[in-house]
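*Asks:* Here are the chains, one letter per residue:
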Amino acid sequence: MQLEQQLRDRLKKKDILLMTHIVLGYPSFDTNREVIRQMVANGVDCIEMQIPFSEPMADGPVIVRANQEALRNGTRVADCLAFSAEMTATHDIPFLFMTYYNIIFKYGEKAFFAKAKACGIKGFIVPDLPPEEGESFLQLAAEYEIAPILIFAPTSTDERMRVLASHGQGFIYCVARRGVTGVKSVIGQDVVEYLKRCRQATSLPLAVGFGIQDRDDVSALIGKADMAVIGSQTIRLVDEQGAGLVGPFIAGLR
Amino acid sequence: MQLEQQLRDRLKKKDILLMTHIVLGYPSFDTNREVIRQMVANGVDCIEMQIPFSEPMADGPVIVRANQEALRNGTRVADCLAFSAEMTATHDIPFLFMTYYNIIFKYGEKAFFAKAKACGIKGFIVPDLPPEEGESFLQLAAEYEIAPILIFAPTSTDERMRVLASHGQGFIYCVARRGVTGVKSVIGQDVVEYLKRCRQATSLPLAVGFGIQDRDDVSALIGKADMAVIGSQTIRLVDEQGAGLVGPFIAGLR
Amino acid sequence: MDKQGFFGNWGGAYIPEVLHQTFQELNAEFTKCKNDPAFWQEYVELMSTYSCRPTPLTHAENLSRHFGGAQIYIKREDLNHTGAHKANNVMGQGLLVKRMGKKRVIAETGAGQHGMATATMAAKFGLACTIYMGEEDVRRQRPNVFWMEKMGATVVPVTDGSRTLKDAINEAFRDWVTNVDETHYVFGTVCGPHPFPEMVAWFQSIIGLEAAEQIIKYHGKMPARIFACVGGGSNAMGIFKRFIPEDNVELVGVEAGGHGIATGLHAVRLSGTDASPGVAQGYKTMFLQDSDGQMKETHSVAAGLDYVGVSPILADLWEKGRVRFEAATDTEVMAALDLTMKKEGLIPALESTHAFVQAFKEAPRLTPDDAIIINMSGRGDKDIFTIAHAFNDPSWKEFIIKRGLEYSQDK
Amino acid sequence: MDKQGFFGNWGGAYIPEVLHQTFQELNAEFTKCKNDPAFWQEYVELMSTYSCRPTPLTHAENLSRHFGGAQIYIKREDLNHTGAHKANNVMGQGLLVKRMGKKRVIAETGAGQHGMATATMAAKFGLACTIYMGEEDVRRQRPNVFWMEKMGATVVPVTDGSRTLKDAINEAFRDWVTNVDETHYVFGTVCGPHPFPEMVAWFQSIIGLEAAEQIIKYHGKMPARIFACVGGGSNAMGIFKRFIPEDNVELVGVEAGGHGIATGLHAVRLSGTDASPGVAQGYKTMFLQDSDGQMKETHSVAAGLDYVGVSPILADLWEKGRVRFEAATDTEVMAALDLTMKKEGLIPALESTHAFVQAFKEAPRLTPDDAIIINMSGRGDKDIFTIAHAFNDPSWKEFIIKRGLEYSQDK
Ligand SMILES: Cc1ncc(COP(=O)(O)O)c(C=O)c1O
Ligand SMILES: Cc1ncc(COP(=O)(O)O)c(C=O)c1O
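Residue numbers (numbering that gives the first Met the number 0), protein chains in the order written: chain A, 0 to 253; chain B, 0 to 253; chain C, 0 to 410; chain D, 0 to 410.
It is possible that part of the hints are untrue.
Stated by the list, open to error - Derived Cβ-Cβ restraints for the label pairs, each shown as a range:
| hint | chain 1 | residue 1 | chain 2 | residue 2 | range |
| --- | --- | --- | --- | --- | --- |
| 1 | C | Lys97 | A | Pro60 | 30 to 38 Å |
| 2 | C | Glu318 | A | Glu142 | 24 to 32 Å |
| 3 | C | Asn34 | A | Arg196 | 32 to 40 Å |
| 4 | C | Glu318 | D | Ala334 | 52 to 60 Å |
| 5 | A | Gln199 | D | Pro363 | 33 to 41 Å |
| 6 | D | Ala334 | B | Gly73 | 33 to 41 Å |
| 7 | A | Glu142 | C | Ala334 | 54 to 62 Å |
| 8 | C | Lys2 | D | Asp409 | 52 to 60 Å |
| 9 | D | Glu60 | C | Asn34 | 22 to 30 Å |
| 10 | D | Asn8 | B | Pro247 | 33 to 41 Å |
To be verified - Below, simulated EDC-like cross-link-like pairs (lysine to aspartate or glutamate); rule was C-alpha separation at most 16 Å, straight line:
| hint | chain 1 | residue 1 | chain 2 | residue 2 |
| --- | --- | --- | --- | --- |
| 11 | C | Lys2 | A | Glu131 |
| 12 | A | Lys114 | C | Glu212 |
| 13 | D | Lys216 | D | Asp369 |
| 14 | B | Lys183 | B | Asp215 |
| 15 | C | Lys97 | D | Asp369 |
| 16 | C | Lys2 | A | Glu134 |
| 17 | D | Lys401 | C | Asp291 |
What the hints assert, rightly or not - A few chain C residues that face chain A, going by a derived Cβ cut-off under 7 Å, partial list only:
| hint | residue |
| --- | --- |
| 18 | Glu16 |
| 19 | Val155 |
| 20 | Asn169 |
| 21 | Thr177 |
| 22 | Ala279 |
| 23 | Gln293 |
Calculated from the structure, these hints are not laboratory results.
It should be emphasised that the depicted structure is a prediction, and the values quoted were computed from it without experimental measurement.
C-beta atoms are modelled at their ideal positions from N, C-alpha and C, and glycine is treated no differently.
The shape of chain A in the complex, shown without the other chains (with noise of 0.2 Å):
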């Protein structure tokens, strides 16, 4: 209940949460810091921090290339707890891990959360982790209190959905459209009636994400969801522009 109700306090005050995704370790830890200073300076309210895996099948070039360069870096997976417990410290936000399956598992799922917890991490989004391999991942989650964001996508059904919801703490992520991370969306009207399913399906806050880039996305949703999630899009800033634009844009998003 913990991070649902962290996003509920906030959802009294904005009509539309923001979550910002970062990749650790990209372009560096440095960067990295600077980049979420300047998320929660401007209102930011969760962020999702990306383990690298050498495998990331659901993502799309953007984050992908990230992974690949945090790894090439050295990235380690002991690097990133160890960041995450200062970030968590540091800010008044929930942060929460997005990573792949392998990751967690081959850490040891018992050792993983408990490690995550003491780190202070709100949730996990695992998106290669359908609810029917995640038996003891999901014991686990309501063990240390860490919520599992699970997924929708507009390929669920009705039916799919509330089994997922069933599973799911904190927020449901939906996933706006067919594809990977990175490529731009258009909220047209599918969108709206694929929410409005998902509406239906859960009373847990919705995060809509994959391919939210601009204000207009944002605004598009209010009403519809309660969470917008920016991906790809302040990686590329970052990589063209470099840190200082995180800021402004931001702010610009609302």
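Given the structure of chain A, go ahead and fit chains B, C and D with the ligands onto it with the hints provided.
*Replies:* Relative to chain A, chains B, C and D with the ligands alone:
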């Protein structure tokens, strides 16, 4: 009987005859003329003039190349015929045509015999025409009194030799060894045995060819055969040292 | 919770949610096909009219004599249309695609064989086709790329990660999640999320079904051992499956030893100690990964064996001790290839040659009363660039240099 | 005089005397084999365990639909071991060689296919092997040369004459007359001196025997027409032979039209007026020759059709009107190849594609109730250098340039 008689007449004065070989049009008819002049002047008894063919299947590299060059120089069958008429008119030794069957076949067998007769040619050597395929050819040979020179090979059985001899006239061309023209033959015990078999199979004079290259080869044949055939060796000589040395070379063979 | 798709501790379907529905449909259709004898018959009919099944089982008399031990039999998957066992799986999935009414197929490819087979199937079945191939593999297997394109497929070189097979698989998944409605992903080996391992093993099992009949016919009894190379494991599972219940038949999978296990440059998952359990590319198996769970680079002279994971079914059979695993180094492979060409006039693919290496090691220790079967998963003439290169053939090099110069001057 | 070995006005054995005895033995052995049903059975057995006979007859549904006329069936000789029908003849002669106790084989090769097949057979039967190949063809078909050498054969580039097939034949004969006792010359097509035309046609007739059964099974009746490319004519005779007595089956041989008959750059013997009767390479047939009887240079994009002569048996069937002859140009061939790859996922050899061209011209004029068979004599992937070149494929060129540079720098 004409050719055989001519050879027998010559054999009265010499212990072995010499037949030489030239490829018509190689390197030119002018050189052919000069080479033949020197050959005759130095006592050659018989000359086989090869009408070049594009597929000289039974010849070795020296003669193959001579055939090709002659054709590349534009040598035509008509040129060869005209040149042969000139040679028979100029020199008092028997001239033969050596060629592959297609040259004759394509010209028209009968027409070719008639023309060769008119040119004063005494015999034909056609290495790819066994008697089985030469019915009309042998008939025309008889009709035009041009000797069909048949070939014995070391692989011929005694019986086969008798069959061949029954069709041959003028002389028998005994191939000294398996293989193609141009590779030196060693006149060893096996050749001697072979020539004995040849002698037993026919009363026609025996010419021995394929790889007879020098005085030693020629003298080794005395008493075992009637005529030594010098093939590739004079071509090599002309190629390497010019036509001028043919005379001395021939003179030195006996 | 449905724990379907597991073989012992291995397998599963670790897939993004967007694919859930399509996997439901795929599972349903596959289950229907599996239970419908007419489907299998249609499949066998297709393979016997379009490819050339049953493929022969060749008695390698010269090699048998040379090694003086077991009778060596070779299962000739090289004679399949497109030159490898990959055709079996692909044509089978093609029939499934037709039934599901999808209009487009995608596939990953390592050696290029699976890409070739898929492009071929797509042409035959009138489907659009995109093939993902690691850039490194495109470089190694250019002729296959040329043919795939000529067959109408789009070949996309994958420049991520190690630019080999695993990266091509990731990229294919990215395409799939994007175009899931119209597209079927023709997975190329007995790996990936359920139902692929089971499905691919099922289609490939035609190899062993034939081989069992053939060896009985020629040798009068079951073979002592069967050798197959193991990349993902599809040709191995294909020939093994039928023999698993035959207790006296020893099954031997041969992995790519590359430059040698000690060098770290290899693709040894089950015959060494470098691999550990992991989850990636949609399934759980033994992966070559570091202590963080990051996949390692692998190496083999044979592109089709150059893979970090291995079939969950084989991982299970390994764990249960039913299949023994061995490794063959690049150097051993070139020697065995040379011998096989000279003795039998057969050119096994470099992948397949790994199985020959191990069989050659063991044949002398058996008796002429024993038969062994080597699965010749594909033919090597597709590998001319790799093989001529590996043999360091001077006239080949000269030929390529000359051609290259001609083409440069044309420009 | 024995006039054996003639087919009407064509054929015979115009051979140097040194070969007489060996031909006697060859004739005797061949006659024994021909009259011994056990020999044929041994041959069929060998072909079904070492190669993959019966090769399939594939119903080309897409092409049939595309042309909207006859049902197009394709006889899949490409699936033979070594990739072409040449294997049939070679393995058959191999059995003969064993019986005659000879220890060495030689062969000519044009496209390289016959050389490949012979080198393969020699490896399998443990025979020494020398292959003669025109220098021009070595250049065109380097990969085949590489494999022949790897199989243990010696490949001798022939630099005489036009440096193509006919010159390789001459050179092989020169070897034969030299090494006649131990050596058998594995003639590669239905040409050359008797008994080769008859013998090769006999071994190749397995194609038509199978096809007749298959077409009846699939189509319920005899085909309306059969199309085969004609180089020397062995694949054509192979598929035609069984159907010659079937009066309603039209037999169509397709020759290499090269740049077009009018240009003189072609290998059209029987479908044009450029050829005339002649005797060369040991037999009488229609040759492309000048008025003096000198053989002309021929041209085709397909090395295996680039030949001055043609089977005496086909010359006879042509003269008698039993086989119709047509020609396909290089350009038509590339277009038909492209279509066949895209529509059916099949890559016919450039030689075989000539048959496809003519079939495609005629199929629309027949009805869906008619079947036609195209003999796909071989697979095209051996021709990558020629085909990629002919399609002017830019990435292929780039690939070769890059490889060439790498190899130059190694030096
Ligand atoms: C000829 C051949 N054999 C084997 C393999 C390895 O795959 P698998 O282990 O799935 O049979 C490949 C893969 O491309 C291949 O092309
Ligand atoms: C595939 C293929 N088809 C056809 C031919 C032509 O020969 P033939 O006319 O004897 O079948 C060749 C000759 O090399 C060939 O390789």
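*Asks:* Take the C-beta atom of Glu60/D and the C-beta atom of Asn34/C, compute their distance, and say whether it sits inside 22 to 30 Å.
*Replies:* holds, 27 Å
*Asks:* How about Val155/C: closest beta carbon in chain A under 7 Å, or not?
*Replies:* Result: violated, 12 Å to nearest chain A Cβ.
*Asks:* May I ask you to test the interface hint for Ala279/C with respect to chain A, counting a Cβ-Cβ separation under 7 Å as satisfied?
*Replies:* holds, 5 Å
*Asks:* Against chain A, run the beta carbon of Glu16/C and see if the smallest gap drops under 7 Å.
*Replies:* Holds: closest Cβ of chain A sits about 4 Å from Glu16/C, inside 7 Å.
*Asks:* Below or equal to 16 Å on CA atoms is what counts here, so check Lys2/C against Glu131/A.
*Replies:* holds, 7 Å
*Asks:* Could you grab the alpha-carbon distance between Lys401/D and Asp291/C and see if it respects the 16 Å cut-off?
*Replies:* Measuring from Cα to Cα gives roughly 38 Å; hence the hint is violated.
*Asks:* Holds or violated: the hint that Thr177/C contacts chain A, with Cβ atoms closer than 7 Å.
*Replies:* holds, 4 Å
*Asks:* If you check the beta carbons of Glu142/A and Ala334/C, does the distance land in 54 to 62 Å?
*Replies:* Holds: the Cβ-Cβ distance is about 56 Å, inside 54 to 62 Å.
*Asks:* Could you tell me whether the CB distance from Ala334/D to Gly73/B stays inside 33 to 41 Å?
*Replies:* This hint holds: roughly 39 Å between Cβ atoms.
*Asks:* Measuring from beta carbon to beta carbon, are Asn34/C and Arg196/A in 32 to 40 Å?
*Replies:* holds, 33 Å
*Asks:* Are the Cα positions of Lys2/C and Glu134/A separated by 16 Å at most?
*Replies:* Roughly 10 Å between the alpha carbons, so the hint for Lys2/C and Glu134/A holds.
*Asks:* Could you say whether the range 52 to 60 Å given as a hint is met by the Cβ separation of Glu318/C and Ala334/D?
*Replies:* Holds: the Cβ-Cβ distance is about 55 Å, inside 52 to 60 Å.
Taken one by one, the earlier hints fail for this structure at numbers 5, 10, 12, 15, 17 and 19, listed in ascending order.
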